[in-house]
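Just so you know, the protein sequences line up as chains A, B, C and D, in that order. Per the working numbering, the first sequence starts with residue 141, numbered consecutively. Per the working numbering, the second sequence starts with residue 141, numbered consecutively. Per the working numbering, the third sequence starts with residue 141, numbered consecutively. Per the working numbering, the fourth sequence starts with residue 141, numbered consecutively.
If you're looking for bench data, these hints aren't it; they were derived computationally from the structure. In this text, all values refer to a predicted model and were calculated from it rather than measured experimentally. Fair warning: there could be bad hints in the mix.
A pair counts as met if it fits within one copy or between any two copies, since identical chains are not told apart.
Unchecked claim - Subject to a maximum C-alpha distance of 25 Å in a straight line, what follows is the list of computed DSS-like cross-link-like pairs (lysine-lysine): (1) Lys-400 with Lys-280; (2) Lys-344 with Lys-142; (3) Lys-416 with Lys-229; (4) Lys-142 with Lys-183; (5) Lys-483 with Lys-142; (6) Lys-229 with Lys-206.
Protein chains: 4
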Amino acid sequence: MKVGVIGGSGYIGGELIRILLGHPDVELTTVVSRQHAGKYVHKVHPNLRSYTTLKFSPLDVDYVAKTCEVVFTATPHGSSKDLVPELLKSNLKTIDMSADFRLKNPQDYPQWYGWEHSNPQLLSMSAYGLPELHREEIRKADLIAVPGCMATSTILALAPPVRDNMIEKERIVVDLKVGSSGSGSEPSIASHHPERFGGVRPYKTIGHRHIAEVEQELDQLTTQPVMISFSPHAVNSVRGILATIHVFLTQETSELDIWKSYRSFYKSEPFIRFVKDREGLYRLPDPKVVVGSNFCDIGFELDNHVNRLVIFSAIDNLVKGAAGQAVQCLNIMYGLDEKTGLKTPPLHPA
Amino acid sequence: MKVGVIGGSGYIGGELIRILLGHPDVELTTVVSRQHAGKYVHKVHPNLRSYTTLKFSPLDVDYVAKTCEVVFTATPHGSSKDLVPELLKSNLKTIDMSADFRLKNPQDYPQWYGWEHSNPQLLSMSAYGLPELHREEIRKADLIAVPGCMATSTILALAPPVRDNMIEKERIVVDLKVGSSGSGSEPSIASHHPERFGGVRPYKTIGHRHIAEVEQELDQLTTQPVMISFSPHAVNSVRGILATIHVFLTQETSELDIWKSYRSFYKSEPFIRFVKDREGLYRLPDPKVVVGSNFCDIGFELDNHVNRLVIFSAIDNLVKGAAGQAVQCLNIMYGLDEKTGLKTPPLHPA
Amino acid sequence: MKVGVIGGSGYIGGELIRILLGHPDVELTTVVSRQHAGKYVHKVHPNLRSYTTLKFSPLDVDYVAKTCEVVFTATPHGSSKDLVPELLKSNLKTIDMSADFRLKNPQDYPQWYGWEHSNPQLLSMSAYGLPELHREEIRKADLIAVPGCMATSTILALAPPVRDNMIEKERIVVDLKVGSSGSGSEPSIASHHPERFGGVRPYKTIGHRHIAEVEQELDQLTTQPVMISFSPHAVNSVRGILATIHVFLTQETSELDIWKSYRSFYKSEPFIRFVKDREGLYRLPDPKVVVGSNFCDIGFELDNHVNRLVIFSAIDNLVKGAAGQAVQCLNIMYGLDEKTGLKTPPLHPA
Amino acid sequence: MKVGVIGGSGYIGGELIRILLGHPDVELTTVVSRQHAGKYVHKVHPNLRSYTTLKFSPLDVDYVAKTCEVVFTATPHGSSKDLVPELLKSNLKTIDMSADFRLKNPQDYPQWYGWEHSNPQLLSMSAYGLPELHREEIRKADLIAVPGCMATSTILALAPPVRDNMIEKERIVVDLKVGSSGSGSEPSIASHHPERFGGVRPYKTIGHRHIAEVEQELDQLTTQPVMISFSPHAVNSVRGILATIHVFLTQETSELDIWKSYRSFYKSEPFIRFVKDREGLYRLPDPKVVVGSNFCDIGFELDNHVNRLVIFSAIDNLVKGAAGQAVQCLNIMYGLDEKTGLKTPPLHPA
C-alpha cells in the first residue's frame, strides 16, 4: 500500500520512516516536512543513509492524497486536530501520533491540554490505537489516535489487575524513568547534554497529561474509578521507558493468581513478553533490552511485607510508545500479520 | 586528632581518605587494607595522587591502637561485628560503615541479614549515626553505626511527615534510583559497563535490607508502625541516589503545612537543603547537583488529584550516604563544627 | 543451510545468533556453550527472548558435524587453532572469529601473540575475511579468519590511499575510540561501570596485536612497507569504534583525487558508505549512527595547514567488526546476495 | 582582595564563582550577568545553593570598579576586546577568559577569528596566562589572557620535547577527546543529549582556532616553526579533555631522556602530575580522575615500532582549562601560594 508521513523530521517521524522502509507491504511515497522540504531524508536521519533517496516534501494535502492511501501524522499536539479533518476529507486513512484524538470526552482537552477541541465530533470515531485493548475498533477505523508513550507502558501493565479487581484503585503509584528521546529532537536546556548526563531529574511530577488517557482507558475495564499517581523522571539514556508501578492488593493473592490475570488478558499478544525469571541480570523488565523493538516487557514482584504488587513495564518510547505501535495499527487496519515490519530483535548489549 | 581507616581500598574507604586528608583537625595516620598492604594509597585511589604519601598497612589492631584514637571501619557487612569489639577493647572510638551495629533488635539480624549477631550486647551502646535524628547519642557514643545510603535518603525525607502524622503509614512507596558506585569496587556482571550503560534495572525490588533500619528509625517517631514499600533501580550514573517517595495524606494538608513540618524538624541542620522552586531545571532535588557534597536535598510536590505527597531526596551515596556522614559524626563526637572538612561545594555541570 | 555457532555465550556469539536467526537462508541448528549447556539461549542473550527456543549444547564435534554444514567459532584467541582443524576434518566449513588464522606468517604468532601456532599449515589455506579486499579467496575458502574489529576499521580506511601511494607510509597515526563491548562479556575492573563511565582511557597504546594484521594487509597493496602507529582509547559507549587516521600526503593532492581513490577502490561495495557532507551534525562518520548495522562509514578532511589527510572510519565492533562481517563472508561462500540478513538499518537516536 | 566576575552565568563563570567562594583571600563582591541580573546566583548554578546569597548584577563598569580591584571577564570571544579596555581604564586588573588577548600578532585575529582587533595595542601588554610558561609576566601584568582549554592541554604536553628538539616539528598530531561542557551552557543540536550520548563525533577537524595559540607558544621555545595537526572529538562525558599527542622522534631517545626533559621543564610545578605507572587502570592520564581539580596530568609511551612518542595530557576543561588556571594567575599576581583555593582533590569514582 502507498503510505505517507507528515511531520517526518522529528524523532517519531524518523522512526516511522525507518520502520516503513523495511515493511514488505508498504511503499513509502511521501514524507512531509515544512522545515526540510527539498532536503534528502537521510540528511536529517543519518541512520537512513543508503536506505532511501526520498526527499522531504512541503505540506500539500492534495499531493499527499494523490500519492498515498494512508498517512501517519507526526505533527505537534494541537496542530493535528486541524490537519486531520482535511486528510480524512481527502479519503486518507489517518494514523495520528499526537494527543489530539486520544481523549473521548471533549471537556478533557481544556482541562489537560489547555485548549478547546476544534473538531470534537471526530473524537468518537477515532480508535485509541492500543491493539491489546482496542483491536477490533482499530480494524474498522479510519482514524487512529496512537497512545502516548508513558500511557502505553502504564496501561498495558495495569489493565489485567484493574480488570480483575485485584488492586486498590486510588493508590496506584506509577513511577517512570524516561530516556531523552522522549522530549523530542529540538534542543532545550532540559536535554542539554551537560545537564542531563548522569542525573535523575523529576519532571511534571504532578498533573502529567498522560494521566487523562490512562484513567480513560483503565476506567473502561472496571466499575470503580481509577485514580493514577503518576510521576516521570528524566534519566541518562536516550531510548526507553521503565514504568515501576506500585499497587496494593485488596485480598490475598498469590503469584499464580497474578500470572493468570496477565495470561488471560494477553493470551498470545505478539508484542507482550512476560519477563519474570528466578535469576539472571534481566530477570525483570529493563528498557535496555527492548530498544529498537515493538515489545512491551512486563514483569512483577509480590511484596508480602506490605501487601504490595510491583509491576514493571519496559518499552522503547519511539517504537511501542509511538512509531511501532502505529505500524502495528496499520497492519491491523489492512488485515496483515501484526508483526509485519516489526520483527527486528533488539540489540544486546547496546 | 589521629585517625585511621580500616578497609581503605574500596569506594567508601577511598572517600573517607579523601575527606580526612582535607580535614583540618585530623591527622590520618593509618590506612589498612589486607589486599593492598604495602602499596601507595594513590595507586588504588588515583584521584589522590600528590595528596598523600601514605601506604596501606596490614591489619594489626595493636598498631592501629598505637597510631590512632578513632578509627573508621569500612569493612564488609558481617565482618565488622567481630572486628569492632577488638577495637573498642583497645580504647579506639569506632565509626563503623557496615550494617553490623545499625539494628537495635538482635533478632533483626537473622531475619534481614541471615546470621546471628556475635556481639549483641554492643547493639544497645552503638549510636545510629544519623545526626539529624541522633545527635546527642552520637556525641556520647564510642561506637557509631553509620546508616546505609538508601536508608539515609529515605529516613531524612520521611521523618517530618511521619512524626507529624500527616501520612498513611502502611502505604509508603519508596522508589529509588541508584548510581553504580553503590555496588562497590568489585567488578560484577551487574556493574559491567556494557550491561549497566543506558539501562534502568530493578533490583532487590522486595525485601531490601535497608527496610529494617528505615522502619526501626521511623517507628521511634510515631506510635503506629511504619510499613515501607521499598524498591531500588540501577541507573546509568556513578554517584547519587534519588529517592522518590509517594505517600498519601491522611487529612487536608497545604503546602505550607508540609513546609512547617520540615522546617520545624530540621531547623538549621547544616546538611539539609530544601529544594523546591517555582521554576528552573533543578527546582526539585537531583543527585547530579549534590555529588561530592554531604548535602541531603529535600523537596516535594503536593498532588491534589490523588491526595498524594511526593517527596524527593537526593544524596551522594558515598558522602552523605557513607563517608561524609561518618565524618559529620566524628565532628560531633569531638565537639567540632559539623561542617569541618565537609565544605567543598558540588560541581556543576559534571 | 544448516549453521552452528561454537562459543555462543559471549557478545560476538550473541550477535551471530541474532543475525543468523533473521537470515532467510540459514537454519541455526546448534549453539555451543560449555558454560551454559542446557540453558535457553535467551537466558544469556535477553534481547532474543521470544525469538528462539534453542538451548545451548555442550561441545561435541560429531554432533556439530551432524547438524551443520558450516560453523562459526567464536572461541578465545589461542583455542581456535586447535579446534578448527577438527571441524575441518569433519567437513565443516569454518568461519573463525579469533585471531588464530588471520596472520599468514607463522612467525608472527610468537611475536604478537606469545605462542607457537600448532597448525601453521592452515594459515595459507585460510582466507582473511575482509570481503572488500579478499572477496574471491573468501568465495573459495573452507576456512575464513574474520578480521579484528579495530583492524577492519583501519584497513578499510587506509587501503585506497596506501594502494595509490598518496601518503607517507611510516607516519600513519591511527587513534581509535572504542566502546566497552569490545572487551567482551566478562566483568573486569577496566569495564567496571564506575571506572569506565565518563572517562577516556588510553590502553595498549603501543604494541596492540591488531597492528600485525593491519600491516600484513596493507603491505599487500604497495611495495614500500607500511608502518602503523596505533593507539586505542576506551570511551563511554558500548558499541562502536571510531578510527581517526592522521596521515601526511606525499604530493599535492586535491579532495577530488582522494575521492577518486576511494571510489575506484570500493566502487559499489554494499557496506561502505562515504560520509562527507558540507554541513550537518553527522557530516563525518560517527559510530553512533552505524550501531547494529554492517556498515563501515568512511569520510575525510584535507588539512592544508600541515599537508595532512584525516580519515575517519566508523563501525559497530560487533557487526562489521565481527559477526556481521562473518555473515557477509558466509553469504559470499554460498553465492548469496552479500546483504542477505544484514539489511536492518541502524537506529537514530539511540 | 575584592573580586568580581563579569559573565557569571555560563559554565566558566559558574566555575569561577565556585572557586572564588572557597578562596580564603578573596571576597567575591560582584557577579555580573546581563541576562540574569537580579536573580540569585544559586538559581543559575544549582550546586552553589546555600553557599552564597549573592545576586547577579547588571553590567555597570563604575559599580564594578567601586566594588572590586580585580575582575574576571568570562565574556564571549569578540566582546571582551571592547570591554576590557574600559575595565583597565578604571584601574581594574583584568583576567580575561576569552581569546581576545591571547594572540600577540594582530594579524592572527582576522586569519583565525574573522575580525580585526579593535585594541591591538593591548596585545603586547597582556600576559598569556599559562603559569608554567609565563609566570614572571603574569606576576607583573594588569591584563591576563587565560589560554583556551585545548590549547592548555596541548602546550603543556608538548613544551618539553619541543624545547629540547626531540621531535619532528611538522608531524605533530594532536587528537583530542572533549566533554560536552566545553561547548558551553547554551543548548544546541551538537550538545542535545540524544545526539551526543554514546557517540564519538569529529568536529572542527581542521582549522581549529586553538592552533594559533598553540603554535604561538611553542614557537617561542624553539627555532624551527612548529606545525600542529589538531583534531578534536566530542565524546560522551561532561568535563575533561584528553589530548593524545603522537609525535616522531628525531634521534634515538630513551624513556629516561624523555623523563628528564619533562622533569627539568616542570620541576616542582604545583599542578603538573606525571602519570606513568607500570600497572594499574590509571597508569596513564585519564580526564576522569582530574575532574574538579586544577591538575594537568601528563604521561607518555615510547613506541619503538615506529619511533613514535605518544604523549597524553588530561585536564578538566573548566578548571585547568579555564577558571582554575585563571585563579592560579590571580594567586601569582597577588603573591599568594599558587595552590590557594585550588586544593580540593578530584573525586573517584564519579
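Status of each hint after checking the structure:
no. : hint                 : verdict
1   : Lys-400 with Lys-280 : neither (30 Å within a copy, 55 Å between copies)
2   : Lys-344 with Lys-142 : neither (39 Å within a copy, 42 Å between copies)
3   : Lys-416 with Lys-229 : neither (47 Å within a copy, 43 Å between copies)
4   : Lys-142 with Lys-183 : within (23 Å within a copy, 40 Å between copies)
5   : Lys-483 with Lys-142 : both (21 Å within a copy, 22 Å between copies)
6   : Lys-229 with Lys-206 : within (13 Å within a copy, 62 Å between copies)
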